[in-house]
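Q: Put chain B on the given structure of chain A with help from the hints.
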Amino acid sequence: MTKKKQIEYWLLTYGNFIFECCTALIKDPKNTHWVFQIIFKNLSLKSKKIKQFPTERSWVIKILWDQLHNFLSQNHIHSLKKPTLNPQARLQHFDFYFQNLSPEDQMLLLLKQKYQIPFFEIAFALHLPESSLKFQYQQALKMLELWIWA
Amino acid sequence: MGINCFKWQNQLSDYLDHSLPQALEKEINDHFNQCKKCHALFKHYQILMTQITELSFSPLPSELKKKSFSHFSGLFHFFTFSSRWKLPWYLQTFFKLTFFLGGIFFILSIAPNIHEWLKKFFTLFNSKKFPYFF
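Residue numbers (this note's numbering), protein chains in the order written: chain A, -19 to 130; chain B, 32 to 165.
Next comes chain A alone, as it looks inside the complex (with noise of 0.2 Å):
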């Protein structure tokens, strides 16, 4: 396959899904077209990793958790809380609450929870124990139930 097609069927393939999260996780649209061109500038520099991880999503999540990653560790401004009276009013911002989380936090509960992606393939990219991202699963659960029921 040519660079070429390689590229166009990256983008068919997982074009919608890296932008999606990266409006997710960066609210500026000019900074998310900005990312969403880098992660796949490194797609296409990076391909000969591939063969490294088991399918070639965990090596796309690898690529884009590690662009945004570098980049909202710099720019990521953890807001407060809006003071709202009820949980149902709270939920009506929900989108608010999920951005107060950090990104890693964000990141993982889409990739799980929006994306249906299973653990072992997420730990498996970000070089990281099983365990420990369920436990990081659960806790950013639990921080968003807090904010919003507490």
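I should point out that these hints are in silico values taken from the structure, not numbers from a laboratory. Take these hints with a grain of salt, some might be off.
Heads up, simulated DSS-like pairs for lysine-lysine below, C-alpha to C-alpha not over 30 Å straight-line [said to hold, decoys possible]:
id, chain 1, residue 1, chain 2, residue 2
1, B, Lys38, A, Lys122
2, A, Lys94, B, Lys38
3, B, Lys127, A, Lys28
4, A, Lys122, B, Lys68
5, A, Lys28, A, Lys94
6, B, Lys57, B, Lys38
7, A, Lys114, A, Lys7
A: Frame of chain A; chain B shown alone:
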């Protein structure tokens, strides 16, 4: 071994995934029937999971798709031999090595003249003294 509030929360992710052994899952369900607090907590987690699943984001704009594609394909067509010429690996290596060594030879060959060029450059701008900074 009975399940308490602390134990089931430790296995929360597996429970939500339905990856626990059936007996343990049944024990946790029994615990929910007894402990209203844990049951409420579980309901909250379910709501949270639904909320995460329902998070919606804007789809990939077609402009960006075209932009990324044209940008990177162009870049790699320029840098990779294989995509353009389909040369065998030994010829690719030969050309790359020749290009690399040629570059080094070129730099080495112009190095002695750099001093002279700088001198000419400064005289062009009528500087009184040539700055001997190296």
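Q: Please go over all the hints and tell whether each is borne out by the structure.
A: Now for the hints, and whether the structure bears them out:
no.	hint	verdict
1	B:Lys38 with A:Lys122	holds, 15 Å
2	A:Lys94 with B:Lys38	holds, 26 Å
3	B:Lys127 with A:Lys28	holds, 19 Å
4	A:Lys122 with B:Lys68	holds, 14 Å
5	A:Lys28 with A:Lys94	holds, 28 Å
6	B:Lys57 with B:Lys38	holds, 14 Å
7	A:Lys114 with A:Lys7	holds, 26 Å
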